[in-house]
Amino acid sequence: MPNPKDFAILFDASRCIGCKACQVACKQWNDLEAENTKNRGSYANPPRLTSHTWISMRYYEGLKPDGDPYFDFIRGSCMHCTHAPCVTACPTGAMAHREGGVVTVDEKTCIGCRSCVQACPYGAVHFDEARGVVQKCTMCYDRISHGDQPACVKACPTDALTFGTYQEIRAMAEERVRVLKERGHTRANIYGLRELGGTHVLYVLTEHPSQYDLPKAVREAEKRAATGWLSAGIAAAALGAGLKFIVERREALKGGNQ
Amino acid sequence: MITANFPNPIGEEHWGIWIALYFFLAGTTGGAYLLSVLFYPENQKLIRRSALWAFLGVVVGSALLVLDLGQPLRFLNLFLGGFYPASVMWLGSWFLLLSGAGLLWVYAQPTSRKAQGIVAVLVALVVGYTAVLLMQTAKPFWNASPLLPWLFLASAATAGGALLQLWQHHEKLSRLVVASALVEGVVLFLHLVWTYPVAAGAVLALLAGPLAWAFWGFVVVGWGLPLFLERQNVTLAALLTLVGAFLLRYFVVMAGQV
Ligand code: SF4
Ligand code: SF4
Chain H
1 MPNPKDFAIL FDASRCIGCK ACQVACKQWN DLEAENTKNR GSYANPPRLT
51 SHTWISMRYY EGLKPDGDPY FDFIRGSCMH CTHAPCVTAC PTGAMAHREG
101 GVVTVDEKTC IGCRSCVQAC PYGAVHFDEA RGVVQKCTMC YDRISHGDQP
151 ACVKACPTDA LTFGTYQEIR AMAEERVRVL KERGHTRANI YGLRELGGTH
201 VLYVLTEHPS QYDLPKAVRE AEKRAATGWL SAGIAAAALG AGLKFIVERR
251 EALKGGNQ
Chain Y
1001 MITANFPNPI GEEHWGIWIA LYFFLAGTTG GAYLLSVLFY PENQKLIRRS
1051 ALWAFLGVVV GSALLVLDLG QPLRFLNLFL GGFYPASVMW LGSWFLLLSG
1101 AGLLWVYAQP TSRKAQGIVA VLVALVVGYT AVLLMQTAKP FWNASPLLPW
1151 LFLASAATAG GALLQLWQHH EKLSRLVVAS ALVEGVVLFL HLVWTYPVAA
1201 GAVLALLAGP LAWAFWGFVV VGWGLPLFLE RQNVTLAALL TLVGAFLLRY
1251 FVVMAGQV
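Chains as they are written, first to last, in this note's numbering: chain H, 1 to 258; chain Y, 1001 to 1258.
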């Protein structure tokens, strides 16, 4: 659970109009180059996050079972997890929590091993080939640590993005879900309360998270590694003993006629 | 902490050929050392020779790992950066360092059985951690089943046995290689079935997609053929097994990232 005083962002999918103002503001404030992309038949563009695209909106459209059309948008970016797999996997301490619960990478220490890239369940860290280190959303740490809002939040024209303390943001999210339910969005929910120890970016959704390709039941990196060590230990013991048994018992049986 | 800025000119986001080659070298030579300690305790010459090979495997493998970093000159941060036992990458770096030192010691002078056993534990950790490293990530093909350590350890036994066979033909070795190859085949099959529901893309890429050459190359040339040839031409079978061991690491590493 994040500290109530931590920095946090609320993304309210029911208010988002998919205008990508946040995406553009992020590129501008953080001085990130444009991507050369192709039309893939979706509004999502760039199609995925990279070392110089730290936030990108995703779009989901289709028909509901009752024939009503839907067109949903979701923010794709770092969630600033409390038990962040990228931080756990980093062998140098370059990827770490800063004051206020924000996860950033220290570019001067990072060795470019990409453990964090592989570990993030949201695909939010990427390797910058030109610099040899990884890059990701910083929640505009340079702005928020001086009392300003992140660039994406500042640019949002519909109040779909809000910045504040975790306590405020969480209360807002709960209130918003209550209102949405009252208005008939029976599946309205908050994403990010339980995931990875609670994320510092909370989403208010009108549909089940899987509708937006958001992973449910994400496992923490410590648990994934613990399973691995346990399995490796059992495997080593079983294979060692098993092979020894097979080989030496045969040997013993044949011992007589050698 | 090293902060010198020297981006790797061949750096890329994928864990690719260098990682696969390192897994292969460490797994094969480490497997050979483990087998000689476990099954030929009386043959000190063999143990010391395989210690030398495993030492070279660890050194060359580590060099490949450094070569793969985005900031190769900063690799010392792995050791100077702090204490991160939850990061499998960090633990693995220490296993490599310690097992390298231990193997050199075993090679350089006659050592007690106990000392060789301790070094064997370190080597087993090197062979096993590579699978745990993959399991700590968020990639379903690597972490959805707990079988990766079984696969890597069984493959290390097969390939390590094949490496020993190049120096000495021995009935016991043949039985070892055949038994561990059979385990390897079963584990690989189970892993594919187990991960298919969540990592269909990866499994299909192996069976009929861009990685099919490596997968079927392993199954036919690097696994099936050597099993068949084991009775006729041991040296050829051993060489093919080594090729297979490399293909296995290669397609496992690549399939996780499709
Ligand atoms: S979303 Fe990914 S990059 Fe962001 S804190 Fe979580 S694991 Fe790290
Ligand atoms: S790439 Fe950098 S930040 Fe990511 S895990 Fe490696 S050292 Fe840490």
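What the hints contain is simulated information worked out from the structure, not anything from laboratory work.
All values reported here derive from a predicted model rather than from experimental measurement.
Heads up, a few of these hints could be off.
[As the list claims (entries may be wrong)] Ranges of calculated distance between the beta carbons of each label pair, as one might list FRET restraints: (1) H/Ala241 - Y/Gln1044: 44 to 50 Å; (2) H/Ala171 - Y/Val1193: 43 to 49 Å; (3) Y/Ala1004 - H/Ser210: 23 to 29 Å; (4) Y/Trp1094 - H/Gly184: 54 to 60 Å; (5) H/Glu174 - Y/Val1186: 47 to 53 Å; (6) H/Lys38 - Y/Phe1189: 45 to 51 Å.
All C-beta atoms in this analysis are idealised placements derived from N, C-alpha and C, irrespective of residue type, glycine included.
Hint-by-hint comparison with the structure:
1. H/Ala241 - Y/Gln1044: 44 to 50 Å: This hint is violated: roughly 24 Å between Cβ atoms.
2. H/Ala171 - Y/Val1193: 43 to 49 Å: 46 Å Cβ-Cβ, so the 43 to 49 Å window holds.
3. Y/Ala1004 - H/Ser210: 23 to 29 Å: Once the Cβ atoms are compared, 45 Å apart, the range 23 to 29 Å for serine 210 of chain H and alanine 1004 of chain Y is violated.
4. Y/Trp1094 - H/Gly184: 54 to 60 Å: Given about 57 Å between the Cβ atoms, the range holds.
5. H/Glu174 - Y/Val1186: 47 to 53 Å: The hinted range 47 to 53 Å holds for glutamate 174 of chain H and valine 1186 of chain Y, with Cβ atoms some 50 Å apart.
6. H/Lys38 - Y/Phe1189: 45 to 51 Å: Distance hint for lysine 38 of chain H, phenylalanine 1189 of chain Y is violated at roughly 39 Å.
Of the numbered hints listed earlier, those contradicted by the structure are 1, 3, 6.
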